[in-house]
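**Student:** Fit chain F to the known structure of chain H by using the hints.
Each chain is listed here by its residues.
Number of protein chains: 2
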Amino acid sequence: MKKKITIAIDAMGGENAPKKNIEGLNIFLKNNKSKDDFIIHLYGNKKIIDQEIAKFNIKNDLVKVINAEGVVSDEETPLTAIKNSKNTSMWNSIKDQIDGDADISLSAGNTGVLFVISKMILKMMKEVSRPALAGLWPSKKGMSVVLDLGANIECNEKNLVDFSEMGAALYKSIFPDQKPRVALLNIGSEEIKGTEILKKAYSELKGLSNDENFIFNGYIEGNKIMNGESNVIVTDGFTGNIALKTAEGTAKFLTDSLKKSLSENIFSKLSIVFSYFSLKKFKSKLDPRKYNGAIFLGLNGPVVKSHGSTDAIGFYYSIDLCYRIIKGNLMHQLKNNLSHLDVKD
Amino acid sequence: MKKKITIAIDAMGGENAPKKNIEGLNIFLKNNKSKDDFIIHLYGNKKIIDQEIAKFNIKNDLVKVINAEGVVSDEETPLTAIKNSKNTSMWNSIKDQIDGDADISLSAGNTGVLFVISKMILKMMKEVSRPALAGLWPSKKGMSVVLDLGANIECNEKNLVDFSEMGAALYKSIFPDQKPRVALLNIGSEEIKGTEILKKAYSELKGLSNDENFIFNGYIEGNKIMNGESNVIVTDGFTGNIALKTAEGTAKFLTDSLKKSLSENIFSKLSIVFSYFSLKKFKSKLDPRKYNGAIFLGLNGPVVKSHGSTDAIGFYYSIDLCYRIIKGNLMHQLKNNLSHLDVKD
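The listed protein sequences derive, respectively, from chains H and F. Converting from the first sequence to my numbering requires adding 919 to each position, the first position being numbered 1. Converting from the second sequence to my numbering requires adding 919 to each position, the first position being numbered 1.
Isolated chain H, as found in the complex (with noise of 0.2 Å):
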């Protein structure tokens, strides 16, 4: 018998947890009926939890509940972490990827304590020189994904092409059928322009480009990165994390000014009715929970961090993507990838 596919989620990790973690999971099983390729660990308090269960149909035989006493608060600091956070939930749903049979673990708790002890217990890859963290951006043929997302302030080239052959790997584990196209992100599309760590990084990843792993595209710029030329987009973290976030504010912006002009007269109310189910397309298309989990990688095993602040239907999200990516081999991907870097040395 083929090995289930076992995700462990830290279940009281995050806002109107685990309420919400249990009716994610929930949405995840109603949607994946047909399965039986997968196991759910779910950790944290057993009476709690079990409460939570209850208000569900949930079969039995999808889903292993395991007692964890503590939980990390949001305002522990990963200075602290290590010694405090020992036996909570989060704790242990990254240690059964050592102990028990997960193939990866989802929080939606304190990011910074879950990277410390994430790289604690699973240690470094010994093919990687920094870890990263992988998020998804939408873009107008789908989906791409952009890395370093702020575990890694300054970088190397090194790393910038490490993060380029583990950003392939994800987007590899996520759509099999595509050959990932990368690009590192700068202020001009010309060989010239940019730092001198990034005109290194381009030149070792021009020199990969024949690789079998993905296609260099070259230097992109950040008017560039929904275009979906590019399924890979590899910076810095400082620079992967201010991108990120200028393009969530933007998106709020926008659509807050949106919602104002549509709902200033009765003219433009009444057009809502008219265009309701095209507006519904449109929000639904750009949901931010549709792109829910980061994904920490270069660890001897995948953690996804969900956002705190995202409900039921972005923690079920999550909980997919950990399905899809453990589906799609991400760390027999990975471990492919960078080998192949290893040769090179």
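Don't take every hint at face value.
Claimed, not checked - According to the in silico footprint, chain H covers these stretches of chain F (three or more CB under 8 Å from chain H):
| # | stretch |
| --- | --- |
| 1 | 1069-1083 |
| 2 | 1101-1114 |
| 3 | 1165-1178 |
| 4 | 1205-1219 |
Said to hold, decoys possible - Calculated Cβ distances over 12 Å to all of chain F for the following chain H residues:
| # | residue |
| --- | --- |
| 5 | V982 |
| 6 | V1035 |
| 7 | D1239 |
What the hints contain is simulated information worked out from the structure, not anything from laboratory work. All values derive from a computational prediction rather than experimental measurement. Even for Gly, the Cβ is constructed at its ideal location relative to N, Cα and C.
**Tutor:** Only chain F this time, still in chain H's reference frame:
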């Protein structure tokens, strides 16, 4: 008699020049009919410019056409610009600040060349460590200034402090009644976040926070740029350029998606009829042409760069910007703000 505000315009720079430049000028003149406190110097091929001027009812005493034979081509590189650009319309419109009466120069031509020859002709202000390129961003509360947008790929803390003072001076010249609130772009709002350079700039700016020139708002994250709480957002040229272009790309992605949604069926098309005026207002508020014009700060005279591809309306807004910042006494504000730093040294 008080000296008139003199704006030197490169009439030959940008797409569809000089047609769009003269058309933009005509809009400016129509919108400022009641004023007589300015004069426009137009540089370029006099014969062609006069032909364009003849199409409109433009008063001779407000516009002076000064012949310049050469034009800086889009293919010219900054490296050879100083040799090849002498006596072009761009060169002479900047030189007008030295030889003539001009208070400010405006061009929609080759950006790289404009920077190099502006620096060469006008020279850096002695108080400034590096010049910066500032842009205007729409915000919830009106308009903000963001700098640097790409003149300096890497910056130290001294540069960032200079940019803060210069950005505050620019904001004050545009909005004389407001005390600018300055913030440093970073990946978190806590004092411990970010690079060493940012931390040093933060502590210097905090020391200046009782400054009469501006209020220091601390760090700002990318998603807050447009919320209007800070009016001057300071960053290095690499990050600023990425943020600006990412915002542009996100806005384009969203408006394209919206357009597509609203034209997908007969009902949604019908809705446009009802929301016509509201959508028009929405569009107008966010019209990028209103924010056309990046200001090159830190030289002994201001230079404004219009988007090359903008139309007559966009060019009009950049002429209007020139008028406003000279009316608001930009150079005086700059010297005042920067002298303040000198005293601190």
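**Student:** Please verify the coverage claim for the stretch 1205-1219 of chain F: does it have three or more residues whose C-beta sits within 8 Å of some C-beta in chain H?
**Tutor:** As far as the stretch 1205-1219 of chain F goes, the hint is violated, because 1 residues have Cβ atoms under 8 Å from chain H.
**Student:** Do three or more residues from the stretch 1165-1178 of chain F put their C-beta atoms closer than 8 Å to C-beta atoms of chain H?
**Tutor:** holds (count 13)
**Student:** Decide, holds or violated, for the assertion that all CB atoms of chain F are farther than 12 Å from the CB of V982 (chain H).
**Tutor:** For V982 (chain H), whose nearest Cβ neighbour in chain F is about 35 Å away, the distance exceeds 12 Å, so it holds.
**Student:** Would the least Cβ to Cβ distance between V1035 (chain H) and chain F come out above 12 Å?
**Tutor:** holds (15 Å)
**Student:** The stretch 1069-1083 of chain F covered by chain H? Criterion: 3 or more residues, Cβ-Cβ distance below 8 Å.
**Tutor:** holds (count 3)
**Student:** Confirm or reject the coverage of the stretch 1101-1114 of chain F by chain H under the rule of 3 or more residues with a beta carbon closer than 8 Å to the chain's beta carbons.
**Tutor:** holds (count 4)
**Student:** Test the statement that D1239 (chain H) is away from the interface with chain F: the closest C-beta pair must be farther apart than 12 Å.
**Tutor:** Given a closest Cβ separation of 23 Å, the condition holds.
The structure does not agree with numbered hint 4 stated previously, though it agrees with all others.
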